[in-house]
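Trainee: Next come the chains, spelled out residue by residue.
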Amino acid sequence: ETGVTQSPTHLIKTRGQQVTLRCSSQSGHNTVSWYQQALGQGPQFIFQYYREEENGRGNFPPRFSGLQFPNYSSELNVNALELDDSALYLCASSPPASLPYGYTFGSGTRLTVV
Amino acid sequence: DAKTTQPPSMDCAEGRAANLPCNHSTISGNEYVYWYRQIHSQGPQYIIHGLKNNETNEMASLIITEDRKSSTLILPHATLRDTAVYYCIVRVAGTNAGKSTFGDGTTLTVKP
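Chains as they are written, first to last, in the working numbering: chain A, 51 to 164; chain B, 10 to 121.
A few of these clues could be false.
Claimed, not checked - Listed next, with one range per pair, are the computed distances between beta-carbon atoms:
#, chain 1, residue 1, chain 2, residue 2, range
1, A, K63, B, T81, 25 to 33 Å
2, B, G24, A, H60, 34 to 42 Å
3, A, P112, B, L89, 26 to 34 Å
4, B, Q51, A, S77, 45 to 53 Å
5, B, K78, A, N105, 25 to 33 Å
6, A, F119, B, Q51, 20 to 28 Å
7, A, H60, B, E75, 41 to 49 Å
8, A, N109, B, I48, 43 to 51 Å
9, A, N109, B, S18, 38 to 46 Å
Rather than coming from a laboratory, the hints here were simulated on the basis of the structure. A quick note: this is a predicted structure, and the numbers were derived from the prediction, not measured. Glycine included, each C-beta is placed from N, C-alpha and C at the ideal position.
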């Protein structure tokens, strides 16, 4: 059973640029959530995708957007990068949510905006 | 989702039980209590969850008070590898689970 895979592991971008982060969910998991974790803080929920549609969003501006593909993998896109976007971005997947399973998290993508 | 309150830090001697408290006084009847831990800025790792009954698995035990307003995660024999940030969250199950609110967690330091 494979876990959640995120790519790239590290990334440096310049303010104003755009970035795409990728996530492959664990086998059998059809729900994907994205989190932003600033240094020293807990993860903050960005949004969740289920059956290729966004079905929950945290307090993040529209320049944070995402996609989920038929194979349940997902992308997080951030436009017009700001210095405060520097953080660890975490992807988490979970099985069909009829039961209260815990999430499986990836190891994250460390984004640095300079 | 209801918010949780955890102490910012705790110490525990190696081999002893670590008892990590969590307050979730505004929890709703359909919200579960989940515990995760995060080591060295890796992704959080799921530990255990429960609704109202006490739960135990190979990693830990979860004790939920009868009024469900608080819970305790118990690591029965803490090792140095259990040093991590522990997060307690509450959320509903189902496809509309949506937002999970993580606080800043409890940093557990296991000392030799």
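Trainee: None of the hints should be skipped; say for each whether it holds.
Mentor: Results for each hint:
1. A:K63 x B:T81: 25 to 33 Å: violated, 42 Å
2. B:G24 x A:H60: 34 to 42 Å: With Cβ atoms ~37 Å apart, the hint holds.
3. A:P112 x B:L89: 26 to 34 Å: violated, 44 Å
4. B:Q51 x A:S77: 45 to 53 Å: At 20 Å between Cβs, range violated.
5. B:K78 x A:N105: 25 to 33 Å: holds, 29 Å
6. A:F119 x B:Q51: 20 to 28 Å: Holds - the Cβ-Cβ distance for A:F119 and B:Q51, about 25 Å, lies within 20 to 28 Å.
7. A:H60 x B:E75: 41 to 49 Å: For B:E75 against A:H60, whose Cβ atoms are near 47 Å apart, the range 41 to 49 Å holds.
8. A:N109 x B:I48: 43 to 51 Å: Because 27 Å falls outside the window, the suggested range is violated.
9. A:N109 x B:S18: 38 to 46 Å: For B:S18 against A:N109, whose Cβ atoms are near 27 Å apart, the range 38 to 46 Å is violated.
This entry does not satisfy hints 1, 3, 4, 8 and 9, going by the numbered hints stated previously.
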